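K.L.:
Below are the chains, spelled out letter by letter.
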Amino acid sequence: MTARKPTIVGGARGLRRALPLGHWPVQWPLDLDRRSFLGQSAALVGAALLPAEALAAPLHYDLKAVQIAPDTYAVYGTREYFSRANGGNIVNVAFVVTDDGVVVIDTGSSLLYGQTLKALVEATAKRPVARVYLTHHHPDHIFGSQAFDPATVATLPKVIANMKADGEMFAENMYRLVGDWMRGTELVAPGKALEESSERFGSHEFELIRMAGHTSSDLVILDKTTGVLFAGDIAFLDRAPTTPHADLDLWHKSLNQLENSSFTMLMPGHGPAEKGKRAVEQTNDYLNWLERTLKDAVHEGLTMNEAMAAPIPERLRGVALARDELGRSVAHLYAKYEEPFLPVVGDHS
Amino acid sequence: MRILLAAAAALWLGLGAAIAAQPPADPLKSVMWERMYEQFFAGKRVVFDGKVSVIAPKVAEDQTAIPVTVDAGNLPGVREIVVIADLNPIQKVLSYEPVRAKPYISFRFKAEQGTPVRAAALTEDGVWHMGGIYVDAAGGGCSTPALAHGNPEWITRLAEVRGKIWHQEGRSSARLRLRVVHPMDTGLADGIPAFYVEKLDIRDSSGAVIGKVHIHEPVAENPTLTLEPNLRPADDRVIIKGRDNEGNEINAVVPVGVRQSALDVEADRSVR
Numbered sequence: 002m003t004a005r006k007p008t009i010v011g012g013a014r015g016l017r018r019a020l021p022l023g024h025w026p027v028q029w030p031l032d033l034d035r036r037s038f039l040g041q042s043a044a045l046v047g048a049a050l051l052p053a054e055a056l057a058a059p060l061h062y063d064l065k066a067v068q069i070a071p072d073t074y075a076v077y078g079t080r081e082y083f084s085r086a087n088g089g090n091i092v093n094v095a096f097v098v099t100d101d102g103v104v105v106i107d108t109g110s111s112l113l114y115g116q117t118l119k120a121l122v123e124a125t126a127k128r129p130v131a132r133v134y135l136t137h138h139h140p141d142h143i144f145g146s147q148a149f150d151p152a153t154v155a156t157l158p159k160v161i162a163n164m165k166a167d168g169e170m171f172a173e174n175m176y177r178l179v180g181d182w183m184r185g186t187e188l189v190a191p192g193k194a195l196e197e198s199s200e201r202f203g204s205h206e207f208e209l210i211r212m213a214g215h216t217s218s219d220l221v222i223l224d225k226t227t228g229v230l231f232a233g234d235i236a237f238l239d240r241a242p243t244t245p246h247a248d249l250d251l252w253h254k255s256l257n258q259l260e261n262s263s264f265t266m267l268m269p270g271h272g273p274a275e276k277g278k279r280a281v282e283q284t285n286d287y288l289n290w291l292e293r294t295l296k297d298a299v300h301e302g303l304t305m306n307e308a309m310a311a312p313i314p315e316r317l318r319g320v321a322l323a324r325d326e327l328g329r330s331v332a333h334l335y336a337k338y339e340e341p342f343l344p345v346v347g348d349h350s
Numbered sequence: 019m020r021i022l023l024a025a026a027a028a029l030w031l032g033l034g035a036a037i038a039a040q041p042p043a044d045p046l047k048s049v050m051w052e053r054m055y056e057q058f059f060a061g062k063r064v065v066f067d068g069k070v071s072v073i074a075p076k077v078a079e080d081q082t083a084i085p086v087t088v089d090a091g092n093l094p095g096v097r098e099i100v101v102i103a104d105l106n107p108i109q110k111v112l113s114y115e116p117v118r119a120k121p122y123i124s125f126r127f128k129a130e131q132g133t134p135v136r137a138a139a140l141t142e143d144g145v146w147h148m149g150g151i152y153v154d155a156a157g158g159g160c161s162t163p164a165l166a167h168g169n170p171e172w173i174t175r176l177a178e179v180r181g182k183i184w185h186q187e188g189r190s191s192a193r194l195r196l197r198v199v200h201p202m203d204t205g206l207a208d209g210i211p212a213f214y215v216e217k218l219d220i221r222d223s224s225g226a227v228i229g230k231v232h233i234h235e236p237v238a239e240n241p242t243l244t245l246e247p248n249l250r251p252a253d254d255r256v257i258i259k260g261r262d263n264e265g266n267e268i269n270a271v272v273p274v275g276v277r278q279s280a281l282d283v284e285a286d287r288s289v290r
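Each protein sequence line maps, in turn, to chains A and B.
Positions in the first sequence are counted from 1; adding 1 to them yields the working numbering.
Positions in the second sequence are counted from 1; adding 18 to them yields the working numbering.
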């Protein structure tokens with residue numbers, strides 16, 4: 002076996018080690034070809050800026066703040082999966098402008114996203130950020146927090162533990178999936194572990210609701226002043242829910258709790274903010290269908306590849322990425338459903 | 019001069035036949051293809067004729083358990099199926115002799131990085147028919163410790179077998195799904211020596227071989243196989259016998275049960 006140690010280094014791991022974060026392996030002065038290609042104008046940009054930024058088209062997140070309620074703004078991501086085209090801008094972020102500063106909920110997928118978001122928030126609100134809440138530890142929600150003062154960044158203790166456990170793996174995977182958009186991005190631990198059940202900023206009181214199911218710890222936030230519920234990824238709308246760390250039973254419990262609580266508007270982690278409970282109902286419906294589909298497939302003796310090809314019901318065809326997320330969910334959950342169904346056979350005792 | 023040329027040509031042709039097959043151009047354009055050919059098929063005739071289908075996700079969600087289905091049902095008399103992942107530190111994933119079974123196997127494997135996954139089916143004429151697909155994956159599937167190492171309970175369940183047989187109405191083959199509790203350590207994770215299932219034989223109650231699976235390190239933790247044995251009316255059970263590289267034995271008996279199908283519709287909607 003020792004003779005068969007791997008000779009190939011590679012994958013995201015190798016690539017990331019080869020390219021130090023935040024730097025590009027281009028030295029000043031530029032080589033002649035590049036200098037002549039760039040011409041005189043680029044040379045005028047100045048030595049401080051010149052490495053790579055001047056060579057590649059600059060990456061730029063086109064973020065817009067959309068007012069959805071008094072003092073309350075949504076920054077919508079695309080209803081897509083991570084790609085080099087979208088730079089990981091697939092998630093919803095929200096912020097609430099209060100007299101004590103701005104409260105930001107989730108931060109996007111990269112340092113650059115976080116910087117762009119911070120500039121947008123400050124330009125819109127014309128005041129500093131007082132609090133940044135992270136709803137859970139998934140990469141599209143947390144990595145932008147690097148752009149904010151860590152002392153203002155807060156989440157539940159278990160979310161912090163999950164970030165520490167999975168953060169490095171997430172970063173590597175994100176470099177692989179979106180590439181250069183991640184430049185300089187590193188995991189920064191939130192400065193505050195939330196123990197309180199609510200926090201007040203100006204006239205806004207934020208109820209901090211502990212839930213679980215999408216991950217082992219999900220923070221749902223209700224702005225009691227406006228009645229807007231920030232559901233994080235407990236609720237999706239018109240975009241298929243994701244399940245890499247899901248516990249479907251706990252998730253249903255959380256959704257049922259939301260079904261029975263009152264709020265004026267729900268802002269999901271992915272998809273449009275709406276009045277009413279369509280996001281709760283659709284997420285419940287999708288997860289019920291997913292579970293039924295997985296169980297049926299196991300009962301019928303299907304392989305994972307066959308389960309991934311199950312038909313999407315008519316009513317869920319408008320849900321973006323349902324086909325792709327079914328494939329991912331089979332990878333996440335199928336073995337768990339097989340285990341109790343396949344009977345133990347043979348003479349093992 | 020003309021005679022010399024003719025002699026040279028004859029010699030050339032003769033040599034060509036003696037040298038036999040060269041690796042054909044690889045539709046997957048893998049940088050490792052020539053090495054794979056030399057290592058696993060040297061001197062053999064390999065053809066990419068579209069008769070072996072390899073089904074796997076284009077992008078692996080979990081690099082420690084990538085589902086792969088190989089179906090060589092378009093070929094008569096398949097003796098053996100070999101599965102290789104070019105860019106894995108250990109390239110051979112498994113081989114399968116479907117003695118009295120459809121040339122079909124489904125399993126999960128670990129990839130150290132994105133890699134071509136290819137399957138070749140050997141027919142009676144000595145030709146290897148090859149198909150494949152490129153699977154993109156995050157790094158580290160082969161060098162990450164098995165989940166079992168986070169749970170000391172696993173040793174008490176080592177070699178436990180779960181399994182079930184489904185009859186497939188209107189088809190000559192049944193479907194057998196098997197799972198063996200085993201960490202399947204590749205030896206590439208720090209401080210964890212190689213420890214993996216090597217062999218699983220499936221026999222009927224008279225002891226006649228239905229199929230033989232030769233398993234290698236890259237097969238995923240708790241190997242989960244789907245096979246399609248051709249059962250006879252008299253078969254009331256299949257017998258599983260295997261071992262790992264430390265000599266631990268794997269034994270199980272899977273009852274055939276009532277001949278009722280739940281699979282006919284689903285199987286047809288799925289594989290191809």
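Hints listed in this document are in silico derivations from the structure and should not be mistaken for laboratory results.
Be aware that a few hints might be false.
[To be verified] Some chain A residues close to chain B (C-beta under 10 Å, calculated; not the full set):
hint, residue
1, 170
2, 265
3, 303
4, 308
5, 336
6, 338
7, 343
All of these numbers come straight from a predicted model, not from anything done at the bench.
Built from N, CA and C at the ideal position, the CB exists for glycine as well.
K.L.:
Does each hint hold? Answer for all of them.
P.N.:
Taking the hints in turn, this is what the structure says about them:
Because the closest C-beta pair between residue 170/A and chain B is about 8 Å apart, less than 10 Å, the hint holds. Checking residue 265/A against chain B by beta carbon gives a least distance of about 37 Å; that is not within 10 Å, so the hint is violated. Satisfaction of the interface hint for residue 303/A is found here, the shortest Cβ-Cβ separation to chain B being roughly 6 Å, below the 10 Å cut-off. With a least beta-carbon distance of about 8 Å to chain B, the hint placing residue 308/A at the interface is held under the 10 Å criterion.
This hint holds: residue 336/A has a C-beta 7 Å from the nearest C-beta of chain B, less than the 10 Å allowed. Checking residue 338/A against chain B: minimum C-beta separation of about 12 Å lies over 10 Å; hint violated. Proximity of residue 343/A to chain B holds as hinted, the smallest CB-CB distance being about 4 Å (cut-off 10 Å).
The structure does not agree with the numbered hints 2, 6 stated previously, though it agrees with the rest.
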